[in-house]
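Can you build the whole structure from these sequences, using the hints too?
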Amino acid sequence: MRRVFFCILGRDLRLALRRRTEVLTPLLFFLIVVSLFPLGVGTEKQVLRALGPGVVWVAALLASLLALERLFAADHEDGTLEQLVLTPQPLSVLVLAKVTAHWLLTGLPLVMVAPLIALQYHLPEASRTAMLLSLLVGTPILGLIGAIGAALTLGLRGGGVLLSLLILPLYIPVLVYGAGAVTVSAIESADALPYFSLLGAFLLLALLFSPLAAAAALRISLE
11 MRRVFFCILG RDLRLALRRR TEVLTPLLFF LIVVSLFPLG VGTEKQVLRA LGPGVVWVAA
71 LLASLLALER LFAADHEDGT LEQLVLTPQP LSVLVLAKVT AHWLLTGLPL VMVAPLIALQ
131 YHLPEASRTA MLLSLLVGTP ILGLIGAIGA ALTLGLRGGG VLLSLLILPL YIPVLVYGAG
191 AVTVSAIESA DALPYFSLLG AFLLLALLFS PLAAAAALRI SLE
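Take the position in the sequence shown, starting the count at 1, then add 10; the result is the number in our numbering.
Quick caveat, the hints were computed from the structure, so don't treat them as lab data.
Values in this document were obtained by computation on a predicted structure and should not be read as measured data.
Heads up, some of the hints might be wrong.
[Claimed, not checked] Restraint-style ranges between C-beta atoms, simulated for each label pair:
(1) L118 x L215: 17 to 23 Å
(2) R13 x V43: 36 to 42 Å
(3) L129 x L175: 34 to 40 Å
(4) P204 x R28: 41 to 47 Å
(5) I42 x P183: 35 to 41 Å
(6) P183 x G89: 33 to 39 Å
(7) T35 x S207: 32 to 38 Å
(8) L27 x L232: 24 to 30 Å
(9) R12 x V51: 46 to 52 Å
(10) Q130 x L203: 23 to 29 Å
(11) G89 x R167: 17 to 23 Å
Beta carbons are placed, not taken as given, at the ideal position from N, Cα and C, and that holds for glycine.
The structure is reproduced here in structure tokens:
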């Protein structure tokens with residue numbers, strides 16, 4: 011299964027590099043949102059420090075959502091997805107490989123630019139580290155949860171709107187605790203360990219159950 015996992019992972023990464031525009035769109039959207047927001051609310055440091063964690067996390071959530079609709083769509087259109095379902099390998103492993111590729115292309119770039127964004131919002135060093143870690147733990151959760159919605163809405167007309175309605179309520183706890191970890195570090199100088207512990211628990215649960223749920227949803231959508 012390890013060979014199959016890395017085979018699907020490498021395949022999706024190679025295909026994505028041929029469609030660089032689709033790969034760069036979520037990152038550019040994220041950068042535009044977090045860069046324009048200070049122009050609208052002003053440049054006062056205290057205001058930016060208070061609003062920065064929430065703005066960054068909402069932008070990251072929306073950027074992740076922007077790329078979810080194409081998670082399985084391209085393979086569904088050319089018939090590859092049906093072939094993957096028919097293979098003897100567990101479909102959940104194939105789903106996990108595709109979600110991993112999705113995170114490497116959309117989530118990891120957001121994590122890498124987070125420290126620079128934190129400087130724009132005048133966040134202290136502890137908060138920049140907290141933002142980096144919270145996005146590093148939280149963005150895979152967004153991808154894993156989103157895979158379930160993407161599988162359920164596969165092939166439906168207006169699937170993007172339905173996808174948003176399905177998974178946004180599930181994103182709220184991740185948003186609250188992810189932004190909360192940065193806010194506590196930025197404003198209250200308190201211990202953010204409880205927030206990271208909850209995010210870690212969410213990630214573990216998502217890794218255990220989301221690939222299975224997405225695999226089941228794919229089978230339902232393809233019937």
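Cross-check of the supplied hints:
no.: 1; hint: L118 x L215: 17 to 23 Å; in the structure: holds, 21 Å
no.: 2; hint: R13 x V43: 36 to 42 Å; in the structure: holds, 39 Å
no.: 3; hint: L129 x L175: 34 to 40 Å; in the structure: holds, 35 Å
no.: 4; hint: P204 x R28: 41 to 47 Å; in the structure: holds, 43 Å
no.: 5; hint: I42 x P183: 35 to 41 Å; in the structure: violated, 26 Å
no.: 6; hint: P183 x G89: 33 to 39 Å; in the structure: holds, 37 Å
no.: 7; hint: T35 x S207: 32 to 38 Å; in the structure: holds, 33 Å
no.: 8; hint: L27 x L232: 24 to 30 Å; in the structure: holds, 27 Å
no.: 9; hint: R12 x V51: 46 to 52 Å; in the structure: holds, 48 Å
no.: 10; hint: Q130 x L203: 23 to 29 Å; in the structure: holds, 26 Å
no.: 11; hint: G89 x R167: 17 to 23 Å; in the structure: holds, 20 Å
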